[in-house]
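Put together the whole structure using the sequences plus the hints.
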Amino acid sequence: MTKEESKNGSDDMLIDGPKQGNVIPDGFNPNYLKVYYGRLFPHADIFKWMSYGNDGRHPACDKSYFGRREFSFTLDNDIYLRFQSFNSESELENSIKEKCPSKIDIGPVYSVDPAKRHAYAQGGDNVFAPVERELIFDIDITDYDDVRYCCSGADVCLECWPLMTVAIKVIDTALRDDFGFDHILWVYSGRRGVHCWVCDGKARRLTNEQRGAIADYFRVYKGNENSNKKVSFPGPLHPFLVRSYTEVLREFFEEKLLLSQNLFSTEERYEKILSMIPDESVTSELRGKWQENRRSSNSKEDINFFRWEQLKNTLQSGKQKVVFVFPLTQKIVKSWIQLQYQPCLSFYGNLTREILEWMLIMNGRKPHLGNQLGFSDHHSCSLC
Amino acid sequence: MEIVRSQRSRTNTPNDSVSTLPLYRYAPQLEVRLEDFEVFAMDRLRVLKGISDALARGKRPEEMENLVRDLWKANMRHPEASEDVNKDIISHFVLRLVYCRTEDLRKWFLSMETALYRYRFLLGSSEAKRALMEEFDLPCKAISRTEFENAKEKLEQVARSFDQPLPTADAIFYKVPFEEVPELVAGRRVYIHKGHAYVAMHQVVSLVVTQFRSNLSKALILTNRKWTSTIREQERDRLTPIVEALSMSYLGPDYSQTKEFGEISIKDLDQLARSSFPLCMRHLFDKLREDHHLKHGGRMQLGLFLKGVGLRMEDALAFWKAEFSQKVGAERFDKEYAYSIRHNYGKEGKRTDYTPYSCQKIISSTPGVGDHHGCPYRHFSEENLRAALGRMGVGSRAMEDVVDKVRNRHYQLACTLTFEAVHSSSCDAGINHPNQYFSDSHKILQPKNNNAA
Chain A
1 MTKEESKNGS
11 DDMLIDGPKQ
21 GNVIPDGFNP
31 NYLKVYYGRL
41 FPHADIFKWM
51 SYGNDGRHPA
61 CDKSYFGRRE
71 FSFTLDNDIY
81 LRFQSFNSES
91 ELENSIKEKC
101 PSKIDIGPVY
111 SVDPAKRHAY
121 AQGGDNVFAP
131 VERELIFDID
141 ITDYDDVRYC
151 CSGADVCLEC
161 WPLMTVAIKV
171 IDTALRDDFG
181 FDHILWVYSG
191 RRGVHCWVCD
201 GKARRLTNEQ
211 RGAIADYFRV
221 YKGNENSNKK
231 VSFPGPLHPF
241 LVRSYTEVLR
251 EFFEEKLLLS
261 QNLFSTEERY
271 EKILSMIPDE
281 SVTSELRGKW
291 QENRRSSNSK
301 EDINFFRWEQ
311 LKNTLQSGKQ
321 KVVFVFPLTQ
331 KIVKSWIQLQ
341 YQPCLSFYGN
351 LTREILEWML
361 IMNGRKPHLG
371 NQLGFSDHHS
381 CSLC
Chain B
1 MEIVRSQRSR
11 TNTPNDSVST
21 LPLYRYAPQL
31 EVRLEDFEVF
41 AMDRLRVLKG
51 ISDALARGKR
61 PEEMENLVRD
71 LWKANMRHPE
81 ASEDVNKDII
91 SHFVLRLVYC
101 RTEDLRKWFL
111 SMETALYRYR
121 FLLGSSEAKR
131 ALMEEFDLPC
141 KAISRTEFEN
151 AKEKLEQVAR
161 SFDQPLPTAD
171 AIFYKVPFEE
181 VPELVAGRRV
191 YIHKGHAYVA
201 MHQVVSLVVT
211 QFRSNLSKAL
221 ILTNRKWTST
231 IREQERDRLT
241 PIVEALSMSY
251 LGPDYSQTKE
261 FGEISIKDLD
271 QLARSSFPLC
281 MRHLFDKLRE
291 DHHLKHGGRM
301 QLGLFLKGVG
311 LRMEDALAFW
321 KAEFSQKVGA
331 ERFDKEYAYS
341 IRHNYGKEGK
351 RTDYTPYSCQ
361 KIISSTPGVG
371 DHHGCPYRHF
381 SEENLRAALG
391 RMGVGSRAME
401 DVVDKVRNRH
411 YQLACTLTFE
421 AVHSSSCDAG
431 INHPNQYFSD
441 SHKILQPKNN
451 NAA
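Residue numbers (full-length UniProt numbering), protein chains in the order written: chain A, 1 to 384; chain B, 1 to 453.
Note that these hints are calculated values from the structure, not bench results. One should not assume that every hint holds.
Taking lysine-lysine pairs in the BS3-like style, the calculated list, with each CA pair at most 27 angstroms apart, reads [what the hints assert, rightly or not]: (1) B/K194 with A/K202; (2) A/K272 with A/K169; (3) B/K218 with B/K129; (4) A/K202 with B/K361.
From the derived model, a few chain A residues whose C-beta atoms are all more than 10 angstroms from chain B [said to hold, decoys possible]: (5) N31; (6) N54; (7) R117; (8) F179; (9) K272; (10) R287; (11) F306.
Where a beta carbon is used, it is the ideal one built from N, C-alpha and C, also for glycine.
Dropping the structure here:
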């Protein structure tokens, strides 16, 4: 979160304003972790969530379930502890408070308690293997670097963050309407993107092949910096693409992105877009018009909007209906139900100055979880 | 299944004869003649091996469909047309016994039977497909008229996106959990809604094949248990030897009855070795010339090959004697080695022992220290193989292809590529037997020789 966003957003918490006498040193201090895990970290909620109803309170629950989940801790000196497992909420809480990890990763649920993994052979009937794992997507703003000019790298601003919002809307709708998932958590990843956690039982039990199929379903951009970046759909589109375009993308593109990013304003910028169109006759026609235009003064209509209209008209007249659907997500990272899992929901202990201020002011009062850590409204723990 | 030795066979028509593609759910309640037990299985094995070769050669789906149809027609027809289905089912179950016994065998059989099923399904009529769908216990339901109307627009969009004809009013769609059809989802080839995919008739093969594969995989494990615990012992005098032989069987001509005996004389051998011997035999031949000796495995492999090539017994004796006497002396040769050569040419030849070895047999042999038999593509180090191929005149481009096949353990394909490189001509059937290599080579070179003469 940038300074602006943390001051403009998150107004739901009541603040009196920073007290005069407190001088908070810049930078990270390991003592803050102790306080964080002692007062802010939602141990009970994490336990409840990861239990998925198997919290031992009703007869039908699987008492071993939570204990079979792997956690990993990254300690201060970059030591990485894998295969941490806990049998109760208090075990989890005590271990975290004692070790004060700078990062916590949540791994899969295995067939047996990870602590006992060495007792099981790698083949045959009795195996130590992952059996459940949330379906996770990871979208980085840097994947959009070739369509945003306001920032680059890990920087984000109000102009380009909407690219993320749009991706979230497209994917979230598909996950619910197309795939029938209900329990979806979108969370800011702490740096430059978002993570999506799909927690339905059906999702947790997906095979690698099925996860790959879902990712491929979303994929429209088949290329990278080294390949030919042609995005074309010669002809009619699949209902998913049609819906994404009509309900989310078209409006966003034409009314926001075009203008805020000045996508057609310079030759360098419009060439990037022209390079995505396979039809040479179309691109040379447009190039001709736009190189001319530079010299003559324009009407009051914004040049970006004007050129976009020209592009659409030229394409449609060329009888080649190319719908310019810009890359949704170039990098969708899937969480595999394998031993080499990707880090997922990570609670960063590196606190920013702003959050510290809140903390001191709060003085023991627990802030509402939803806003502090960016959980969406769909956060739910009573699953499957 | 009851196996009987009688001449007559009594058969019942199984229930699922509507669709000619059986489900292979249960071993049929039939009496089967012992001879049919073996012959049916070998015929089916030919089909499976044909598929295996074609897949290894990277044939496209359209080509595979045609190939399967031809292979099936050529091998699985029964003189009595009504018995076709029985042969199909019986051969499948016999091969289950043969191929359940190790992990590798099971894997191969599963892949080939699944491929066979896929293409036979695709070759069937719409009616047959639909009937089969009913039989399979698939988690899918044909959608109702109302559901179709509601989804019609979306279904049309999908069809248009792939340049397919639009679904007609009576088109059948199946509603299936999306997890069952990952390939279709990945390619956005289906409309999905609330977790269900709407699968068109022509896409249904993917569902059927997945289910078939899964069923067969489980069945093979069970069959293996039964085999190991009871059948193998119970049948040790009757079926077991047949089953064990089947997995090693070579299915082409056995070159035991050479038509052209006497056409090859000793003086031709050196030249023939260079021009028409496959690498395995060339190596043995060269070593024999070099060391004036070969150990038993080599003597058998090369000796029987030469017999298959058409070397007369007298010439064979002279040839081996000329070499061996340089090492062990003429007397010892007569005493210790000549008899086995005569035996190889004996009239009372037992079926398997005295026929020239097939590639399969050679590949599965285990040459030890001092041995030179076996299959060089399998038993040589890459370095030695490259050197040997170089001496045969294989160019660098072809050499890489050959080595690539070897790395993937397709030894016969490697030999086929060598043949093609050396003769500058294609060998579509692939090499399965050293004598086949020789006769194919001879066919190509012979007209040239005649012209030259």
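Next on the checklist: For a C-alpha distance cap of 27 angstroms, please report whether A/K202 and B/K361 respect it.
Outcome noted: Roughly 49 angstroms between the alpha carbons, so the hint for A/K202 and B/K361 is violated.
Checklist entry - Is B/K194 within 27 angstroms of A/K202, Cα to Cα? => result 12 angstroms, holds
Item to check | Assertion that A/R117 lies farther than 10 angstroms from chain B (Cβ) | outcome: With a cut-off of 10 angstroms, A/R117 remains clear of chain B, as the shortest Cβ separation is near 24 angstroms.
Checklist entry - Holds or violated: is the Cβ of A/N31 farther than 10 angstroms from all Cβ atoms of chain B? => result Holds: least Cβ distance 48 angstroms, greater than 10 angstroms.
Item to check | Minimum Cβ-Cβ distance from A/N54 to chain B exceeds 10 angstroms | outcome: Check passes; 23 angstroms lies beyond 10 angstroms.
Checklist entry - Are all beta-carbon distances from A/F179 to chain B longer than 10 angstroms? => result 6 angstroms, violated
Next on the checklist: According to the definition I'm using, a residue is off the interface if its beta carbon is farther than 10 angstroms from all beta carbons of the partner; does A/F306 meet that for chain B?
Outcome noted: 31 angstroms, holds
Next on the checklist: Run the distance test for A/K272 versus A/K169: straight-line Cα separation, threshold 27 angstroms.
Outcome noted: 25 angstroms, holds
Checklist entry - Are B/K218 and B/K129 close enough, with their CA atoms no more than 27 angstroms apart? => result 24 angstroms, holds
Next on the checklist: If we take the beta carbon of A/R287, is the closest beta carbon in chain B still more than 10 angstroms away?
Outcome noted: Since the minimum Cβ distance to chain B is about 30 angstroms, A/R287 lies beyond 10 angstroms and the statement holds.
Item to check | Non-interface claim for A/K272 versus chain B (Cβ beyond 10 angstroms) | outcome: 26 angstroms, holds
Going down the numbered hints, you'll see the structure goes against 4, 8, while the others check out.
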